[in-house]
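Asks: Residue numbers (my numbering), protein chains in the order written: chain A, 111 to 391; chain B, 80 to 801.
Think of the hints as simulated: they come from the structure by calculation, not from any bench.
Please note: incorrect hints may appear among the correct ones.
[Unchecked claim] Listed below are the simulated BS3-like cross-link pairs for lysine-lysine, each with C-alpha atoms no more than 27 angstroms apart in a straight line: (1) K190/A x K309/A; (2) K391/B x K286/A; (3) K101/B x K317/B; (4) K725/B x K696/B; (5) K391/B x K221/B; (6) K286/A x K393/B.
Keep in mind that this is a model prediction, so the values were computed, not measured.
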Amino acid sequence: MELGVGLPNTLAGATSDLMLSWARQAEAGPFASVGVFDRLLYHSFDPLIALAAAAGATTRIQLATMIVIGPLRNDALLAKQAASLDALSGGRLTLGLAIGARRDDYAAAGVEYAARGRRLDEQLAALRAYWEDERFGPRPAQPGRPPILVGGLNDSAFARAARAADGYVHGGGPPKAFAGAAAKARAAWVDAGRTGRPKLWGQGYYALGDEADAAAGRAYLLDYYSFTGPFAERIAAGLLTTPQAIVQFARGYAEAGCDHLILFPTVARFDQLERLAEVVG
Amino acid sequence: MTSVNILGGGPGGLYAALLLKKAHPAWEIAVLERNPAGATYGWGVVFSDQTLAAFREADYRTFTEITESFVTWEAIDIFVRDQLARCEGHRFAGLARRRLLNILQRRCADLDVALRFETEVGDLAALRQADLVIAADGGNSKTRAAYAEHFQPRLAEGRTRFIWFGTNRLFDSFTFIFRENQHGLFTVHAYPFDGGTGTFIAECADETWRRAGLDQADEAASLSYCESLFADHLRGRKLMSNYSRWLRFTTVRNERWSHENVVLLGDAAHTAHFSIGSGTKLAMEDAIALAQACEQHDLIGAALKQYELARKPKVEALQRAAADSQDYFEHVARYRGFEPIQFAFHLLTRSGRISYDNLRQRDPHFVSTVDRWFAEAGTFERSNVATFERFLAPPAMWTPLVLRGALLPNRVVLAARPPYTAEHGAITHSYADQLVRRAHGGAGLVLTEPVAVSASGRITPGCAGIYCPEHIDAWAHVVAAIHAQTPAIVALQLSHAGRRGATRPRTYGVDIPLREGTWALIAPSGVPYSSRNQTPRAMECADMEHICDLFAQAAHMADQAGFDMLMLNMAHGYLLGSFLSPLTNVREDDYGRSPERRMRLPLEVFDAVRAAWPTQKSIVVAINASDWARAGADISDAIGVAQALKAHGCDMIAVYAGQTTTRSRPIYDPGELAQYSDMVRNEGGLPTLATGYLTTSDQVNTLIAGGRADLCIIHPSDLFEH
Numbered sequence: 111m112e113l114g115v116g117l118p119n120t121l122a123g124a125t126s127d128l129m130l131s132w133a134r135q136a137e138a139g140p141f142a143s144v145g146v147f148d149r150l151l152y153h154s155f156d157p158l159i160a161l162a163a164a165a166g167a168t169t170r171i172q173l174a175t176m177i178v179i180g181p182l183r184n185d186a187l188l189a190k191q192a193a194s195l196d197a198l199s200g201g202r203l204t205l206g207l208a209i210g211a212r213r214d215d216y217a218a219a220g221v222e223y224a225a226r227g228r229r230l231d232e233q234l235a236a237l238r239a240y241w242e243d244e245r246f247g248p249r250p251a252q253p254g255r256p257p258i259l260v261g262g263l264n265d266s267a268f269a270r271a272a273r274a275a276d277g278y279v280h281g282g283g284p285p286k287a288f289a290g291a292a293a294k295a296r297a298a299w300v301d302a303g304r305t306g307r308p309k310l311w312g313q314g315y316y317a318l319g320d321e322a323d324a325a326a327g328r329a330y331l332l333d334y335y336s337f338t339g340p341f342a343e344r345i346a347a348g349l350l351t352t353p354q355a356i357v358q359f360a361r362g363y364a365e366a367g368c369d370h371l372i373l374f375p376t377v378a379r380f381d382q383l384e385r386l387a388e389v390v391g
Numbered sequence: 080m081t082s083v084n085i086l087g088g089g090p091g092g093l094y095a096a097l098l099l100k101k102a103h104p105a106w107e108i109a110v111l112e113r114n115p116a117g118a119t120y121g122w123g124v125v126f127s128d129q130t131l132a133a134f135r136e137a138d139y140r141t142f143t144e145i146t147e148s149f150v151t152w153e154a155i156d157i158f159v160r161d162q163l164a165r166c167e168g169h170r171f172a173g174l175a176r177r178r179l180l181n182i183l184q185r186r187c188a189d190l191d192v193a194l195r196f197e198t199e200v201g202d203l204a205a206l207r208q209a210d211l212v213i214a215a216d217g218g219n220s221k222t223r224a225a226y227a228e229h230f231q232p233r234l235a236e237g238r239t240r241f242i243w244f245g246t247n248r249l250f251d252s253f254t255f256i257f258r259e260n261q262h263g264l265f266t267v268h269a270y271p272f273d274g275g276t277g278t279f280i281a282e283c284a285d286e287t288w289r290r291a292g293l294d295q296a297d298e299a300a301s302l303s304y305c306e307s308l309f310a311d312h313l314r315g316r317k318l319m320s321n322y323s324r325w326l327r328f329t330t331v332r333n334e335r336w337s338h339e340n341v342v343l344l345g346d347a348a349h350t351a352h353f354s355i356g357s358g359t360k361l362a363m364e365d366a367i368a369l370a371q372a373c374e375q376h377d378l379i380g381a382a383l384k385q386y387e388l389a390r391k392p393k394v395e396a397l398q399r400a401a402a403d404s405q406d407y408f409e410h411v412a413r414y415r416g417f418e419p420i421q422f423a424f425h426l427l428t429r430s431g432r433i434s435y436d437n438l439r440q441r442d443p444h445f446v447s448t449v450d451r452w453f454a455e456a457g458t459f460e461r462s463n464v465a466t467f468e469r470f471l472a473p474p475a476m477w478t479p480l481v482l483r484g485a486l487l488p489n490r491v492v493l494a495a496r497p498p499y500t501a502e503h504g505a506i507t508h509s510y511a512d513q514l515v516r517r518a519h520g521g522a523g524l525v526l527t528e529p530v531a532v533s534a535s536g537r538i539t540p541g542c543a544g545i546y547c548p549e550h551i552d553a554w555a556h557v558v559a560a561i562h563a564q565t566p567a568i569v570a571l572q573l574s575h576a577g578r579r580g581a582t583r584p585r586t587y588g589v590d591i592p593l594r595e596g597t598w599a600l601i602a603p604s605g606v607p608y609s610s611r612n613q614t615p616r617a618m619e620c621a622d623m624e625h626i627c628d629l630f631a632q633a634a635h636m637a638d639q640a641g642f643d644m645l646m647l648n649m650a651h652g653y654l655l656g657s658f659l660s661p662l663t664n665v666r667e668d669d670y671g672r673s674p675e676r677r678m679r680l681p682l683e684v685f686d687a688v689r690a691a692w693p694t695q696k697s698i699v700v701a702i703n704a705s706d707w708a709r710a711g712a713d714i715s716d717a718i719g720v721a722q723a724l725k726a727h728g729c730d731m732i733a734v735y736a737g738q739t740t741t742r743s744r745p746i747y748d749p750g751e752l753a754q755y756s757d758m759v760r761n762e763g764g765l766p767t768l769a770t771g772y773l774t775t776s777d778q779v780n781t782l783i784a785g786g787r788a789d790l791c792i793i794h795p796s797d798l799f800e801h
């Protein structure tokens with residue numbers, strides 16, 4: 111299992127300096143990738159632009175969207191941006207896509223919420239079509255296209271991943287929840303007659319330091335996920351706040367068949383990256 | 080000071096009252112109950128170990144009194160056709176509902192909870208002046224109805240009729256009795272609850288109930304009907320009624336459990352079918368969760384949210400199991416031909432919560448009896464009665480199966496996953512070697528991927544085919560090597576892609592059209608698989624004949640290659656499957672418009688293949704149990720197809736679902752396709768092969784021993800990885 115670290119692109123107080131130094135240090139540290147989240151009506155950097163900035167500050171580390179809310183974006187522009195990012199970064203992009211669950215973001219983008227599943231199906235086909243179009247460039251640097259992962263928790267999401275992507279990206283939770291989703295992702299893969307096996311990516315949240323850091327991390331999660339109602343409390347309760355918890359979490363994901371786990375910070379301070387590097391290094 | 084009004088003085092309401100009062104002695108808590116203090120409806124209540132541990136934590140005093148009142152038992156007795164199957168090791172504890180209420184009422188009184196009996200809930204608005212209102216007013220909750228637009232309740236009525244009696248016949252177990260008379264099949268659920276009395280629930284199908292005249296019968300007549308029908312089991316003892324009447328079970332679900340300061344608890348919030356006996360248990364667990372939430376949060380609103388968050392997922396999981404159990408009892412007539420021991424095993428594993436391995440832990444003797452019976456008599460034909468001469472037998476999965484002239488050494492099927500590397504339909508040497516290697520894995524049957532009957536019937540240019548002489552040689556090599564090196568038998572899956580053809584190898588995705596080197600597609604109707612796929616040509620009569628010829632020719636070649644079995648693919652929206660579905664077959668001629676006519680070409684193909692294929696070799700047909708799509712074919716259509724195929728000589732049905740169109744909504748729970756397999760097998764009346772991503776021997780044993788399937792595809796990569 112590869113291990114990556116999230117960029118603080120949705121954390122209040124994440125400055126340009128912090129984003130770039132974070133990316134550089136992640137590449138120097140024991141991390142295989144940097145990941146980003148996507149929100150519109152929130153204080154956050156755009157995921158693809160954040161990854162482009164990280165790409166410019168680094169040379170080797172993989173760049174992953176965990177995820178981009180695909181239906182919010184125009185198909186051709188998303189194809190252009192993803193291909194450009196992959197080409198400019200020398201083929202380092204993994205494009206995670208999902209429908210998200212934020213009605214306010216759909217309203218802000220002027221996209222119909224109810225049809226978002228079908229929109230993403232259509233978009234996955236459209237991305238491939240643009241990347242193969244003679245008139246379209248640049249070509250993604252990776253052969254064929256950047257790896258595409260699909261996220262989401264209902265069975266349609268697993269079918270979508272198996273029909274049109276290279277794997278499945280899980281939205282977070284304890285290793286047992288990941289294992290359950292992984293079993294469904296594999297079932298969908300076999301059912302669709304795909305070759306090999308799906309790439310399986312996972313994610314978790316951490317805050318390392320003292321009690322105040324843990325409290326700040328939980329407060330961020332409660333705010334970020336406030337749209338889920340009471341479920342936010344459960345997400346906040348799952349915050350990894352000790353080295354022991356992180357080690358066990360990563361081990362649980364590896365045992366469940368995860369190929370790539372990205373741990374996301376919840377406190378926008380550089381020492382969070384250093385502390386994590388120390389734990390997983 | 081905080082004030083709480085609890086509407087309803089059942090176990091849930093009383094338990095919530097005492098737990099809240101214990102934690103917050105200053106709170107003013109009142110319980111309002113419509114009935115007098117001593118009145119109660121219903122007889123006994125049942126608890127499990129897990130619930131008892133929670134009671135012990137929550138209130139030790141009532142826990143002690145409750146457990147001192149218990150009768151406990153460990154056996155489940157299942158009587159079917161007057162034969163008994165007994166399974167031990169299930170821990171149950173029960174007590175009289177009246178006794179439970181009495182314990183809880185006294186504890187409430189000791190704690191200064193105000194108990195107001197014979198009090199109707201009149202003015203909800205006035206009661207809501209309190210800080211918190213707990214609606215524990217039962218399955219017909221008036222509070223829930225008053226705020227229906229907030230709670231959004233969904234009520235679902237069951238199909239059967241049931242009636243709840245008491246009895247002074249002492250049952251020493253949880254007893255199920257299945258008895259058929261001239262009116263139909265009756266089921267009894269009976270269990271003890273105190274030293275002298277038991278609960279006795281009788282249940283039957285609606286038609287049976289009417290045929291027996293029970294729709295016209297009053298309480299006394301209903302009681303006497305049941306007493307005489309089950310006289311031998313009652314052994315001269317009586318049934319007792321207590322406002323007993325025939326009901327349909329209503330499952331209650333609510334989108335939300337709280338509205339402002341009003342919260343639902345117990346049956347008002349949710350019900351679960353009595354066959355898993357959990358209403359009181361759930362209500363009291365609700366009370367514990369609500370009391371805990373009130374300790375964690377000072378704000379009532381936050382506490383109610385926390386309560387709902389904690390309880391709803393658990394209750395919904397139990398409701399799913401209860402729905403499976405309810406569904407089983409509603410369709411139990413499907414299994415009336417089962418031998419009692421298999422009937423019992425099937426019943427015990429009905430809700431998916433208890434498997435073969437679980438039962439082996441609880442009662443090794445019972446499972447060993449199942450194994451011994453299965454090894455002797457576990458064939459599809461039910462006339463075989465075991466003599467139990469065997470005293471040792473393997474688990475069902477490892478028993479052999481005879482299909483016409485072939486002996487399958489066990490019930491496990493290895494389904495090949497294609498690499499899409501064939502050229503002009505010919506498989507590569509490395510793929511052939513890989514198939515032979517995998518045949519060493521222990522499966523009794525090796526099944527190929529869909530193999531095309533013609534070049535234009537391929538899904539992708541990399542798909543294997545069997546339509547020219549070179550193909551025979553390539554497959555013959557594989558079959559001969561597997562036969563020489565393993566005891567497995569080998570089946571070829573014949574397929575024509577129809578409108579799902581001319582796509583790219585499934586390395587990067589599925590149903591992606593070819594950019595170059597494409598070919599023309601045919602289908603029942605001229606509708607493409609998706610907007611990006613090629614529009615197929617609607618088939619004409621000459622095409623129909625040609626397709627029959629292609630399949631027959633492929634069957635002939637398969638025989639030459641030495642295959643032991645054939646599987647015809649009529650599933651997943653490929654050519655023959657797309658004839659069967661109303662979503663993909665919109666023909667106006669004799670090949671469309673009705674289920675029978677949609678079957679016409681698939682049956683003609685079957686007949687052509689049957690004629691070309693040696694009599695001593697069997698044919699499996701893969702069909703969709705459901706299109707998993709609105710207005711698509713469903714399980715009742717599939718059972719019709721299975722029965723028609725059986726009449727034409729089909730030996731077995733492989734049960735798949737979905738993929739008919741891109742709008743199919745798949746379900747990746749292994750239990751889903753297993754349930755379809757059970758229905759096709761036991762309503763369609765022919766053996767089945769279960770699919771659906773099974774990964775463990777426990778799953779396979781549960782399906783095979785339970786008579787839900789005769790063979791199972793298993794996916795060994797995961798079996799070995801985890």
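Asks: Each hint should be assessed against the structure and marked as holding or not.
Replies: Going through the hints against the structure:
1. K190/A x K309/A: holds (24 angstroms)
2. K391/B x K286/A: holds (19 angstroms)
3. K101/B x K317/B: violated (42 angstroms)
4. K725/B x K696/B: holds (15 angstroms)
5. K391/B x K221/B: Given that 27 angstroms is the threshold and the Cα spacing comes to 21 angstroms, the pair holds.
6. K286/A x K393/B: Status holds; Cα separation ~16 angstroms.
Checked against the numbered hints given earlier, the structure breaks only hint 3 and satisfies all the rest.
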